[in-house]
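A.B. asks: When you get a sec, could you build the whole thing from the sequences and use the hints?
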Amino acid sequence: MQAPTTVRHPLAGADAGASFIKLAMETPQGGTALQRLDGDAYAQAATQLKEPESRHALRAALTGCGAGALARELGGSALEVNEFQAWGLGARQLLADAGQPLDRFLLVSVGTGTSALLVEPRGTQRVGGTALGGGTLLGLADALLDSRDFGEIVRLAEQGDRGCVDLLVEDLYPEGAPGLPGSLNAASFGKLARGLPARPADRAHALLGLLGENIGMLCAALATQHRVAHVVFGGGTLRDNARLCDLLRAICLAEGHQPLLLQDGEFVGAVGALVHAREHTLEPAGS
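When you line the sequence shown up against my numbering, it's residues 1 to 287, in that order.
Simulated from the structure, these hints should not be mistaken for laboratory data.
Hints should not be assumed to be uniformly reliable.
Said to hold, decoys possible - Cβ-Cβ distance ranges computed for the label pairs, FRET-style:
(1) 122 x 197: 51 to 61 Å
(2) 278 x 142: 17 to 27 Å
(3) 195 x 122: 47 to 57 Å
For clarity, every value in this text was computed on a predicted model and none was experimentally measured.
Note that beta-carbon positions come from the ideal geometry of N, C-alpha and C, so glycine has one too.
C.D. replies: Written out as structure tokens, the structure reads:
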């Protein structure tokens, strides 16, 4: 008698965040397909998380603030996973894929806001964070630049000089201040308070500086506090955002830590949810 053939249904992970829904889906070729959708596109995400031939839901694990809403769209055929756990799993997977496996590190998720997670062999825990993030960037850009287009803001910042907006140490101490470089930022947007002119590009660059300096210094301090050498960055706010990434790198290096920016870092939560799906049986084999 021939043994029954088992059907290996594909797996998927989804990170339904405040701004975007990120998907990580197994492909028939054995790879992983990554996709980003608008944050309110639950019906579209649910369609993507179904097999085209059968329209049955993929075996999926969900994370993020919108996981419950997405689960309802899928008809309850998904497993929800803690967001911080998903981020830890996803970061480990992406680091391993890049040939840079780490046992212990600080993981910084720069999304709508920013969370700092201590990732260790025994698990992942949130150790700090800040309300500064992509939501701050878009909100302040709307007020200062009349733009809420992320790509436009980043491109504009590449053409700017934040020194025309920020008040620097050399502006306060033309003769030089003991122990402080003249190029050090003394007050973000301080020159605007003095009525000095600034181009939109300069304001955009200063916005990235405001985020990068505060996020970078906070996370470097947390890395020192928890005695970790590596600070690993991910999150959608870093996508195609070279100036912000460069600033975060520079601050970490200056504070004695090794920065790493994850490839496909905005999909860390989705990849972690996929890893979680692989580690848990969501339906009987052959169903």
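A.B. asks: A separate judgement is required for each hint: does it hold in the structure or not?
C.D. replies: Okay, the hints, checked on the actual structure:
no., hint, result
1, 122 x 197: 51 to 61 Å, "holds (54 Å)"
2, 278 x 142: 17 to 27 Å, "violated (40 Å)"
3, 195 x 122: 47 to 57 Å, "holds (55 Å)"
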